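Throw the hints in and build the complete structure from the sequences for me.
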Amino acid sequence: MAITYRKATSIKELLTTIHELDNEYVREHGTSLVIPIVDNKTRKLIIRELKKLKIYHKVQIIETDNAKKFYEKVMDGYHLYQKNVS
Numbered sequence: 735m736a737i738t739y740r741k742a743t744s745i746k747e748l749l750t751t752i753h754e755l756d757n758e759y760v761r762e763h764g765t766s767l768v769i770p771i772v773d774n775k776t777r778k779l780i781i782r783e784l785k786k787l788k789i790y791h792k793v794q795i796i797e798t799d800n801a802k803k804f805y806e807k808v809m810d811g812y813h814l815y816q817k818n819v820s
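For what it's worth, my numbering labels the leading residue of the sequence shown as 735, then goes sequentially.
Hints are computed from structural coordinates only; laboratory data are not their basis. In this text, all values refer to a predicted model and were calculated from it rather than measured experimentally. Backbone N, C-alpha and C fix where the C-beta goes; we use that ideal spot for every residue, glycine too. Mixed in with the good hints there might be a few duds.
Here are the simulated BS3-like cross-link-like pairs (lysine-lysine), alpha carbons at most 27 angstroms apart as the crow flies [what the hints assert, rightly or not]:
#, residue 1, residue 2
1, Lys775, Lys817
2, Lys775, Lys741
3, Lys788, Lys778
4, Lys792, Lys741
5, Lys803, Lys792
6, Lys802, Lys741
7, Lys803, Lys746
Cβ pair distances, simulated, as ranges [said to hold, decoys possible]:
#, residue 1, residue 2, range
8, His791, Lys746, 22 to 30 angstroms
9, Arg740, Arg777, 12 to 20 angstroms
10, Arg782, Val819, 16 to 24 angstroms
11, Leu779, Lys741, 12 to 20 angstroms
12, Val768, Val819, 29 to 37 angstroms
13, Arg782, Glu762, 39 to 47 angstroms
14, Ala742, Met809, 31 to 39 angstroms
15, His753, Lys817, 29 to 37 angstroms
16, Lys785, His763, 12 to 20 angstroms
17, Leu787, Leu814, 31 to 39 angstroms
18, Arg782, Asn818, 34 to 42 angstroms
19, Glu797, Lys817, 15 to 23 angstroms
Pasting the structure below:
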């Protein structure tokens, strides 16, 4: 599982980040897109871009009020998982 963090502060940066995703990897394995809580217009724009790239069905959209804190929490859990597996 690949975990990356990219900061996007505007809609344009968010759409650029979506287009920079490795579409083949996403189609095969799926991914999660963590975004700040947005309005319906922005959410529909994101969904439309994902559908254009034909990866909407493989992307789980998670909305949170603090994306960086959410990322750090996920990474802490991932590191604990790696310790237990090893």
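Hint by hint, which ones does the structure fall short of? Violated hints: 1, 10, 12, 13, 14, 19; rest satisfied.
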